[in-house]
Amino acid sequence: MATSPAPALTKVYSGPIFDCDSHIHERNYDFMKKYLPEELHAEWLTARKVGPDGRFGLHVGDRMIENAEAREEGLVPPPGKLKEWLKAVKEGKSNVEGWIKPTEDMMGPEARVKKLDEFGVEGCILFVGEFVSTFGYYPQDATGNRILHAYNEYLHNEWGFAYENRIFTTGLLSLWDLESSIAEAKWLVERGVRVVCMPMGPAGGRSPADPYFDPVWQILNDNNVAVTFHVSEANFMHPLIREFGEQPLQSRRTGQTAWQWMFCYSELPVQITLANIIYHNFFERFPNIRIASVENGANWVPGFLEKMDKMRGMAKNGYWPCGQLSERPSKIFKRHCYVVAYPEDNVKSVVEQIGTSDCILMGSDYPHAEGVPEPRDFFAEALTGLPDEDARAIMYDNGKRFMQV
Numbered sequence: 001m002a003t004s005p006a007p008a009l010t011k012v013y014s015g016p017i018f019d020c021d022s023h024i025h026e027r028n029y030d031f032m033k034k035y036l037p038e039e040l041h042a043e044w045l046t047a048r049k050v051g052p053d054g055r056f057g058l059h060v061g062d063r064m065i066e067n068a069e070a071r072e073e074g075l076v077p078p079p080g081k082l083k084e085w086l087k088a089v090k091e092g093k094s095n096v097e098g099w100i101k102p103t104e105d106m107m108g109p110e111a112r113v114k115k116l117d118e119f120g121v122e123g124c125i126l127f128v129g130e131f132v133s134t135f136g137y138y139p140q141d142a143t144g145n146r147i148l149h150a151y152n153e154y155l156h157n158e159w160g161f162a163y164e165n166r167i168f169t170t171g172l173l174s175l176w177d178l179e180s181s182i183a184e185a186k187w188l189v190e191r192g193v194r195v196v197c198m199p200m201g202p203a204g205g206r207s208p209a210d211p212y213f214d215p216v217w218q219i220l221n222d223n224n225v226a227v228t229f230h231v232s233e234a235n236f237m238h239p240l241i242r243e244f245g246e247q248p249l250q251s252r253r254t255g256q257t258a259w260q261w262m263f264c265y266s267e268l269p270v271q272i273t274l275a276n277i278i279y280h281n282f283f284e285r286f287p288n289i290r291i292a293s294v295e296n297g298a299n300w301v302p303g304f305l306e307k308m309d310k311m312r313g314m315a316k317n318g319y320w321p322c323g324q325l326s327e328r329p330s331k332i333f334k335r336h337c338y339v340v341a342y343p344e345d346n347v348k349s350v351v352e353q354i355g356t357s358d359c360i361l362m363g364s365d366y367p368h369a370e371g372v373p374e375p376r377d378f379f380a381e382a383l384t385g386l387p388d389e390d391a392r393a394i395m396y397d398n399g400k401r402f403m404q405v
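Every letter in the sequence shown is one number past the one before it in my numbering, and letter 259, counting from 1, is 259.
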């Protein structure tokens, strides 16, 4: 009896790449003085400076952002050096040695395109730099949206939202205030945004998929805009942290507890958010929207899909805010949702358990220390043992499909 040939397994990936997690480095924050309304400067101006306590770092007003990578001499961690940092921590060192000056490709699109060429990357999704650490400090209202808008002005003028149709910069969009969120969505679309980054969790005591917010989502749906939830400080976890006698907004390296790492940061907040969106029949109303979880890992996906399906059955006769689902949540997820895997994830196992590689994306996290030194290194770190077809899908095809480019 004839047997099917085993799928091809490549040890070195030489195919095309679409990087779904890359970042800028803000050269400085002078742009916030320009774009943030002056009446907000005293309390909400973002700047690298020496604060009232004598420490240098990124500040919002006079509040030190504990998780920003800022040194007074302007140095940044070298790309892809997390392993060295972990080794340094184990050895009792306070910092990884070898910090570097930011390179031009971290700070502007022309040089970044040349870096993409050097890396062999066709296109990338580009996220904010240190600014991502500030989200948890802002008021979740119209004022918060004004702060995000100031940063969007900078992104538009310095990077553009689809530079040479290769660098797709994520506009920042929240649901913190309906009227100004609608205005921001329109503003972004008018300037060619193709993908937005949104805070995880509820807004104003409502699910992000509450029909109250449908006017915002409708703009994104009608203009084929993709959505991302990038790892950041999830405000909605702060009350839980305090209930357990701990404090939010602590330094991840020196102040965040193991319990916070496990339950209040990264994968659990994004699971809560995605399940809530799916259970609210969101994609029945907005079939054009694709959502990606970025820098929250992928090892959690198999158990998450299994449990979503099980809980749908448990709630069969329960309350469904936007009506019963017409199919399994896992099927909805696989059609509309994507996940950027960590380099250290067991991606082969994830793919085997969920039965597809179609919803898994690669992301280098360049130029951050937590990722890989170069995008092509992601294959050797995460995808060895996968059939060539799956490896190419994760390294390239899925990202192109997510962005529809």
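If you're looking for bench data, these hints aren't it; they were derived computationally from the structure.
Errors might be hidden in some of the hints.
[To be verified] Simulated crosslink set (PhoX-like; lysine-lysine; CA at most 20 Å straight-line):
#1 Lys101 with Lys115
#2 Lys11 with Lys348
#3 Lys310 with Lys331
#4 Lys11 with Lys34
#5 Lys400 with Lys334
#6 Lys101 with Lys114
#7 Lys49 with Lys11
#8 Lys348 with Lys310
Here the structure is a predicted model, which is why all the values come from computation and not from measurement.
Here's how the hints hold up against the structure:
| no. | hint | verdict |
| --- | --- | --- |
| 1 | Lys101 with Lys115 | 16 Å, holds |
| 2 | Lys11 with Lys348 | 14 Å, holds |
| 3 | Lys310 with Lys331 | 13 Å, holds |
| 4 | Lys11 with Lys34 | 50 Å, violated |
| 5 | Lys400 with Lys334 | 16 Å, holds |
| 6 | Lys101 with Lys114 | 18 Å, holds |
| 7 | Lys49 with Lys11 | 47 Å, violated |
| 8 | Lys348 with Lys310 | 24 Å, violated |
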